[in-house]
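Now for the letters of each chain:
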Amino acid sequence: MQPKLTAKALCGDKEVGKISKVIVDPLSHEISDVVVRELDGQGAERQVPICQIQEVVNEEEIVLRCSPDEFVRFPLLERDQYVTVKEVEIAHLEDHLHVEPGEILVPLPRLEQGVPRRTFFTNMTHAIGTLIALPLVFPVLKYLMKPMFKPYDNAWFSVGNIKKVSKENVGFQFKFTRGFKEAFMPEQQIEKNIWVVKATPAVQKEVYGGNDRKFFDDKGEVIWVNKANSPYIGYSGKCPHLGCGYKWRKTKNFPDGVFLCPCHLSIYDEAGKVIDGPAPRPLDILPMQINASGEIKIIDIEYKAGVNNQIRLL
Amino acid sequence: MKEDIQAVNQQNAFEKVVEFVDERVGLKTIQAKMLNEPIPGGSRWAYAFGSVLLFIFILQVVTGILLMFYYVPSTDHAYASTQYIIHEVDYGWFLLSYHFWGSSAMVVMVFAHMSQVFLWGAYKKPRELIWLVGLALFGIVMGFGFTGYLLPWDQRAYWATVVGVEIMDKTPLVGDFLARFLKGGPTPGQMTLSRFFVIHVMVLPAALAGLAGLHIFLFRKAGPAGPFRGTPEEIKAKTDYFFPRQIWKDIVAMATVFLIICSLAFIEPVVLLEQATPDPGDYHPEPEWYFLFLFQLLRLKIFGGQFGQFLGAIAIPGAFMAFLAALPFLDTKPERNIFKRPVALIGWTVIMIFILVFTVSAIINREFLH
Chain A
19 MQPKLTAKAL CGDKEVGKIS KVIVDPLSHE ISDVVVRELD GQGAERQVPI
69 CQIQEVVNEE EIVLRCSPDE FVRFPLLERD QYVTVKEVEI AHLEDHLHVE
119 PGEILVPLPR LEQGVPRRTF FTNMTHAIGT LIALPLVFPV LKYLMKPMFK
169 PYDNAWFSVG NIKKVSKENV GFQFKFTRGF KEAFMPEQQI EKNIWVVKAT
219 PAVQKEVYGG NDRKFFDDKG EVIWVNKANS PYIGYSGKCP HLGCGYKWRK
269 TKNFPDGVFL CPCHLSIYDE AGKVIDGPAP RPLDILPMQI NASGEIKIID
319 IEYKAGVNNQ IRLL
Chain B
83 MKEDIQAVNQ QNAFEKVVEF VDERVGLKTI QAKMLNEPIP GGSRWAYAFG
133 SVLLFIFILQ VVTGILLMFY YVPSTDHAYA STQYIIHEVD YGWFLLSYHF
183 WGSSAMVVMV FAHMSQVFLW GAYKKPRELI WLVGLALFGI VMGFGFTGYL
233 LPWDQRAYWA TVVGVEIMDK TPLVGDFLAR FLKGGPTPGQ MTLSRFFVIH
283 VMVLPAALAG LAGLHIFLFR KAGPAGPFRG TPEEIKAKTD YFFPRQIWKD
333 IVAMATVFLI ICSLAFIEPV VLLEQATPDP GDYHPEPEWY FLFLFQLLRL
383 KIFGGQFGQF LGAIAIPGAF MAFLAALPFL DTKPERNIFK RPVALIGWTV
433 IMIFILVFTV SAIINREFLH
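Protein sequences appear in the order of chains A and B. Residue numbers for the first sequence follow my numbering, beginning at 19 and rising by one. Residue numbers for the second sequence follow my numbering, beginning at 83 and rising by one.
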């Protein structure tokens, strides 16, 4: 049985005051003290520990363990040392608190009592919300997708003269600039690079496996064929692992030189074959032609990095 | 207890997730508190304006973010990128036009919302703070209109900004500083565009979101004002909760406004003028329609000269805003019935007629100039 907040506090048979407040421990969520307002004098509020309650007679009365003389020795409540539970957020405090006989209830408005169309309203509200949102999905997706897919650019770009490549089976970088037009921006010149290797017949065999290499446009038509016995091989400057730019380096383990990607340490030999590191496929070979004066031309193809097969992006 | 366990076992996965979250944050209590808000005297169509404003704002945020996917706030690309949105990107014309007409709808709704609150006497005690925050929100909406207007960087945009900033320049003490601050220099240019852009897409949205939150919080603290007549018994008998009837009215109003904005975007899509230059050519500069009455006011003879200009452009609008801010503190009578507040009713009517007359005469003047 819980005493009401207005229950009388008795010492022996004598009433000393009424319970005016209850103090709860915020950690244990248990009542630690009751506050008794004295009957006589100024109505001072004294803080009585819960252990001093001898008996809860009924909802109207509790009996304290002390005598009326001892009661006045309980400390006065220092109100400014406390906040009400309404002023503070203590998780689950109210779950355990039953000072009053239960929850405080507010009656529903008459119009809300047993509304038969509550579900109908909910469904119609959702339906209209959907009618607003749904027609926007397709236009917004199309709007955002505008620049995502571009037709392939199969133009030939001149990147330099082959006479610069003298040593066999060594990577040689050619830098070139190309025009690039994007959306509303004026046409820009961007710098790119490729790697060229003058391959010995053994390396040619390793690269092409004795077969000519065909390149296709987006309709599947052949746009160029690299001959199986062509001595010069051009590699896209983009690492097939995750798209970094790789370099030709001589290392302790590979004194003759290898293609080394500084990002995740993929290592390729002069035939583009992965010899170490995380790369999923060999270096990407570009369509390349060399005219009589030694000018190198390539089609600037880019493939998706990080996948086993070549998937063309540009 | 056994029944509880059985009930838990019968829940589907979604209900279990809801239950999991609810146990930790009290979601259902929050939802109940939000939806079970008593509306004295019952739900009404007239109460939908605030919700509709929130809805328009959310869609302005969505379309605004989408526009930023292509828009570039630089003087050499702003115009080209806006043209690209209109002419090249799929549905770009629609999203831009929706954003444009949405801003007009926002201004119209702000007027409707303020009028409703005024006529219902809902700004009176204890709702003074809601009214004040609402006035700040009104200023922010106007700021959105002003800053957004420059971004396409066409002649219309440029000249509205030139004039608008010249007007601000006439504010005593801070005017010169304010105008230079907004322009980012002595004349409009790249710095102006950058500043207007960041104010439009960062500063004002943050301010509006925060103040709108405060507005709704204060509104919930004070509770809805309810109808301005009827005995407490009548009002109590008609009272219902925010959900379902008011939400239903709100969403129907939202759908209607959405359809109107979409229709306007289809019928009258945004078309840019020539790219902005400091030479107006054949263009007659003009602000957006909701500023037209102020624009027309400044054509009057009595607002000529430096002092007249200050009077028309700064003092009168400033005094009017100050009056609106002071309104709940000046008008302390508890009477809310508009038909028992003749000064308020006449005042509101006069202001509406003034705005209407000056807007229409600005339009007539425009025809005349062409």
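Just so you know, the hints here were simulated from the structure itself, not pulled from any lab data. Just to be clear, a hint being listed does not mean it is correct.
[To be verified] Residues from chain A shown here face chain B by an in silico Cβ test under 8 Å; the list is partial: (1) E130; (2) T140; (3) M142; (4) L149; (5) P157; (6) V158; (7) L162; (8) M166; (9) K168; (10) G197; (11) K199; (12) A201; (13) S311.
Ideal Cβ positions, reconstructed from N, Cα and C, are used throughout, including at glycine.
Here is what the structure says about each hint:
{"no.": "1", "hint": "E130", "result": "holds (5 Å)"}
{"no.": "2", "hint": "T140", "result": "holds (6 Å)"}
{"no.": "3", "hint": "M142", "result": "holds (7 Å)"}
{"no.": "4", "hint": "L149", "result": "holds (7 Å)"}
{"no.": "5", "hint": "P157", "result": "holds (4 Å)"}
{"no.": "6", "hint": "V158", "result": "holds (6 Å)"}
{"no.": "7", "hint": "L162", "result": "holds (6 Å)"}
{"no.": "8", "hint": "M166", "result": "violated (11 Å)"}
{"no.": "9", "hint": "K168", "result": "violated (13 Å)"}
{"no.": "10", "hint": "G197", "result": "violated (18 Å)"}
{"no.": "11", "hint": "K199", "result": "violated (12 Å)"}
{"no.": "12", "hint": "A201", "result": "holds (6 Å)"}
{"no.": "13", "hint": "S311", "result": "violated (41 Å)"}
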